[in-house]
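Participant: What follows is each chain in one-letter form.
Protein chains: 2
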Amino acid sequence: MADVRGLSYRDVGVDLDAADRTKEGLRGLVESTRDANTLSEMGLFGGLYAVPPEVANPVLVSSADGVGTKLKIAFRAGRHDTVGQDLVNHCVNDILVQGARPLFFLDYLATGDLDGAVVKDVVSGIAMACRENGCALLGGETAQMPDFYGANEYDLAGFIVGVVERDRILDGSGVVAGDTLIGIPSSGLHTNGYTLARRIVFDVLGLDVDDVFPGQDRTVADVLLTIHSSYQALLSPLLGEGIIKGLAHITGGGVPGNLPRTLGPALGATIELDSWTVPETFRFLAEAGRVERDEMFRVFNMGIGMIAVVASEYVDSIVDRLSAAGTAAWVLGSVRSETGVSLV
Amino acid sequence: MADVRGLSYRDVGVDLDAADRTKEGLRGLVESTRDANTLSEMGLFGGLYAVPPEVANPVLVSSADGVGTKLKIAFRAGRHDTVGQDLVNHCVNDILVQGARPLFFLDYLATGDLDGAVVKDVVSGIAMACRENGCALLGGETAQMPDFYGANEYDLAGFIVGVVERDRILDGSGVVAGDTLIGIPSSGLHTNGYTLARRIVFDVLGLDVDDVFPGQDRTVADVLLTIHSSYQALLSPLLGEGIIKGLAHITGGGVPGNLPRTLGPALGATIELDSWTVPETFRFLAEAGRVERDEMFRVFNMGIGMIAVVASEYVDSIVDRLSAAGTAAWVLGSVRSETGVSLV
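From first to last, the protein sequence lines stand for chains W and Z.
Counting from 1, position 301 in the first sequence corresponds to residue 367 in the numbering used here; the numbering is continuous, with no gaps.
Counting from 1, position 285 in the second sequence corresponds to residue 351 in the numbering used here; the numbering is continuous, with no gaps.
The shape of chain W in the complex, shown without the other chains (with noise of 0.2 angstroms):
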C-alpha cells in the first residue's frame, strides 16, 4: 500500500505549479503574437479569433504537422529553439500552397519532466516564427507525461488556420500539360528523412552533433537543424496576382509524393535532373548510406522545397522576381498528360 504521506501528483512526476509559472512565463511570448483579430487573453479555455472581416466568403484552411525526429537533433545538441520554427514554417507552407494566409497557431507540446527553460526556448521559436509569417499564436497545450517521454525529450505538433477568398482558393484546376515546374530551393533538409538521416550521420559514420559535417563548413547541427524555410513572404504576392496555377510543399514522400496532389489524378510531370545542382548535403547522404537514387527523392526534398506551377508565358518574369527577391528559381520541367512523376 501507499506509504504513510500518502501520494500527491508530484510524487508521481506530475508539477501542477511547475507548469503554471511556466504558462506565466510563456505570457509575453504569445502577446507578441496578437493582431487585431485575437480577442482573447491567454489561458482561457479555447482561443477567440475573428474572422478577417474584408474576406468576402471565407474559407478556412487547416493543417496539422510534426516535426518528426528533427526533435532527436535538437535534444542531442540541447538546442531548442529552431524546432518551432521549423513546425510554424512547415504549417504555414502547407496552407500557402492552397492559397491561404495564416491567421492563427496553436501547438501541442508534449513532455516528459517539464523543464521550464527548454518549454521557454521551444515557444520562443514558434512566437518568432508566428511574428514572422503574420500569424497569431493563440493557444496550446503543454502536457506533462512522466513515463511517457524520456528527460528532456518531448514531442511536438501545431496546427494552423489560415484563410482565402472561396474564388482563390489555389487547388491546380487551371494546371494543363506542357504548363511549366519553377523549384524553389529548400534550406536543407527541412522537416523529412530524419529517421534515415539520422542513421547515417550517427550510427553509420559515427558522427556526433558538434563533429564537422563531412565536406561543409558546419556542425552536423548546423545543418541538421537548419531551419525549414517559410515561402509565405516570397510567394504571397505572386498569389496576389493570380499568375501561379499550383503549389507543391515538397515535405515527406519527396517530389513524387508531393508534386502529383497539385497536378490532380489526370496529369504528371517529367522533372529533368540537370535542371539544378542537388545540395551537397542530401549527395553526402546518399553516398555514405548507399541510399538509391529513388529512394533519395521519396525520402528528401533534394534542395527543391517548394514547386510552382505555371504557364509557359509567366515563366521568364517569375524566375526575374524571384531571382530580385534573393532567391533561385530554377525551370524543373513540365506537366505532361502522362500520369506519375518521371526524374529523366
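Heads up, some of the hints might be wrong.
A pair holds if it fits inside one copy or across any two, identical chains being indistinguishable in the list.
[Said to hold, decoys possible] Listed below are the simulated DSBU-like cross-link pairs for lysine-lysine, each with C-alpha atoms no more than 30 angstroms apart in a straight line:
| # | residue 1 | residue 2 |
| --- | --- | --- |
| 1 | K89 | K138 |
| 2 | K138 | K186 |
| 3 | K186 | K89 |
Calculated directly from the structure, the hints in this document are not laboratory data.
Since the structure of chain W is provided, determine the placement of chain Z on it from the hints.
Facilitator: Here is chain Z on its own, set in the frame of chain W:
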C-alpha cells in the same frame, strides 16, 4: 560504413507504402464526417472549410489538447477505439465553454511502428465523436517516429475550431456575486489525473486492466477508459437561450483550477461538499493512495465534468431541464466577491 545493399527508409523503420495504405483505409471514416461546409477531399496539404455564411460576425474558437497518459491504459488493455472519443469530446467541451459550436477537427497521431489496425481504431473513435458532435474531421498528421515511441505505443493530440457569433461569446462577463453554480456529472476521470491513478491502481495495488476494479462490478480497464463526456448536445440549447452566464470545463487543475477561469479575476466561489456525492472511483483512489482531499480536488474532477454559472432565477428551470434530459444537476454553491475557490 553501410552494408552492401545500402539503406532505405524502410530499413530504418519508416514505411511510406504502409503509411499510404493506412491513410487510404481511413478515407471512409473521414468522409463519414463531411458536412456542407467541408470543401476538400482527404489528402490535400490542408483541409478546406467554408465559414458558415449564416453566422453574421463569426469568431473562431480554437483549442489544442491531448489524451495524456490515459493512453497508457489503452495500450495496456489493447483497446484503441475510445481514446479518439476522449480527445474530440475534450476539445468540444473546451470551446463549448466559450459559447462555440464545433466546425472541424484535426488530429496528430505519432507512432513508433505504424500498426494499421491500431491507427484505424484510433481514427474510428475520432470520427465517431466528430459525427456525434457535428464536427468535420478535416485532416491530420500520422507521424512514424521509430525510436521515439515504443512498439504499439503512440501519442495523440487534437485541434478543434468552432464558431460563435461575436455578441454571443460566453466570457463570464455577466457573472456577479450571488450567482449559482450548477454542477453536471463527469462520466469518470475524463482525461485527467491518470499518472496518479495509474500509480495507485497498478503500482500501489498491483492490479491489472482485466482485474475487477475494487468495489465495482467493472474491470479496471472499463473504469479507467470510460469516455470523456461531451456536453455539447446537452448544453447548446441552453446556450442558445442565453440563460447561462459562464461555463467551466473541469479538466487538469480540477474545480479550483478551472472554475476561476470563467469567474474572472475579481470573483470567487464557495462549493458545498455535501451538494453532490463524489463517485466511488475517486473515493477509492483517495483511500488507496492516501491522497489528501485538496490534492484530489486539484488532480481529479471528483465527479463534476462541467460547472454552469447561472442567475438564481433560472436555477430551478435549468435543473429541471437537465434532469428531463437524463442528467443529474447539482446546485454546488455560489459565486462570491472574495476570490479563490473554497470547499466547505
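Participant: I want to check one pair: K89 and K138. Are their C-alpha atoms no more than 30 angstroms apart within a copy, between two copies, both, or neither?
Facilitator: Both. Shortest intra-copy (24 angstroms) and inter-copy (25 angstroms) distances satisfy the 30 angstroms Cα cut-off.
Participant: Checking K186 and K89: alpha-carbon separation at most 30 angstroms within a copy, between copies, both or neither?
Facilitator: Close inside one copy (9 angstroms), not across copies (34 angstroms); limit 30 angstroms.
Participant: Checking K138 and K186: alpha-carbon separation at most 30 angstroms within a copy, between copies, both or neither?
Facilitator: both (18 angstroms within a copy, 27 angstroms between copies)
In the structure shown, no violation is registered for any of the earlier numbered hints.
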